[in-house]
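Those protein sequences? They're chains A and B, same order as listed. In terms of this note's numbering, the numbers along the first sequence are unbroken and rise by one, the last being 162. In terms of this note's numbering, the numbers along the second sequence are unbroken and rise by one, the last being 139.
No wet-lab data here; the hints were simulated from the structure. We put the CB at the ideal spot given by N, CA and C, even for glycine. Treat each hint with caution, since some may be false.
[What the hints assert, rightly or not] Simulated coverage check for chain B against chain A, where a stretch passes if three residues somewhere in it have a Cβ under 8 Å from a Cβ of chain A:
no., segment
1, 55-69
2, 122-135
[Claimed, not checked] Some chain B residues flagged as far from chain A (calculated, every beta-carbon gap over 12 Å):
no., residue
3, R79
4, R89
5, V90
6, A107
[Claimed, not checked] So, partial list: chain A residues that the calculated Cβ filter (under 7 Å) puts toward chain B:
no., residue
7, W57
8, G93
9, I148
10, E149
11, Q151
12, G154
13, P155
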Amino acid sequence: SQTIHQWPATLVQPVGSPLSLECTVEGTSNPNLYWYRQAAGRGLQLLFYSVGIGQISSEVPQNLSASRPQDRQFILSSKKLLLSDSGFYLCAWRSWGIETQYFGPGTRLLVL
Amino acid sequence: GESVGLHLPTLSVQEGDNSIINCAYSNSASDYFIWYKQESGKGPQFIIDIRSNMDKRQGQRVTVLLNKTVKHLSLQIAATQPGDSAVYFCAERPNDYKLSFGAGTTVTVRA
């Protein structure tokens with residue numbers, strides 16, 4: 051069966067520090083991968099998606115970037131965090147031929 | 029932006045009653061819709077989906093209704109239980125790669 055992992059689960063970082071969040075998927079090949087951000091009490095905002103290794107599509111201009119160095123690994127990064135980067139970051143995957151996106155457990159980021 | 033919206037941000041329901049959560053979507057080209065349940069501090073969990081060529085689909089204790097004429101989606105939960113307390117999101121698929129989510133409805137089940 052397929053599983054999705056995200057780490058860390060919680061992160062507290064100072065303003066101006068770098069960020070690296072990791073997402074890995076097991077049990078599937080060549081998935082579509084997604085990064086979402088969820089502000090408190092709000093819906094999900096799509097940040098990036100990837101249809102293959104090295105292919106990244108950005109949905110909104112921001113202080114973040116994404117990379118996909120391996121088929122089942124998706125990384126969200128920042129060189130300098132802003133206060134507004136705080137939120138709940140969710141990774142999701144979807145296999146070709148399956149329409150549903152499945153979400154990971156999320157990383158809660160607090161920028162102080 | 030968020031093109032999918034929900035009529036009510038909160039819903040309080042008595043345990044054992046049926047719940048109905050509504051959702052309005054904006055993109056008439058969307059061909060696939062999903063309902064997710066999100067418990068506090070966790071990632072959204074798939075509940076049920078429906079394609080645009082259907083108007084009703086049933087799962088275990090849940091039913092999704094789709095009215096394409098008025099671009100409306102609803103989730104019905106039968107015999108609501110305390111474990112159903114969560115935020116419920118609807119999502120539409122305007123193209124093959126992306127989902128667009130609404131702001132969510134918080135469901136609180138009263139004992």
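Okay, the hints, checked on the actual structure:
| no. | hint | verdict |
| --- | --- | --- |
| 1 | 55-69 | holds (count 4) |
| 2 | 122-135 | holds (count 8) |
| 3 | R79 | 8 Å, violated |
| 4 | R89 | 19 Å, holds |
| 5 | V90 | 15 Å, holds |
| 6 | A107 | 25 Å, holds |
| 7 | W57 | 13 Å, violated |
| 8 | G93 | 4 Å, holds |
| 9 | I148 | 10 Å, violated |
| 10 | E149 | 5 Å, holds |
| 11 | Q151 | 6 Å, holds |
| 12 | G154 | 5 Å, holds |
| 13 | P155 | 5 Å, holds |
When the structure is compared with the earlier hints, violations turn up for hints 3, 7, 9 and for no others.
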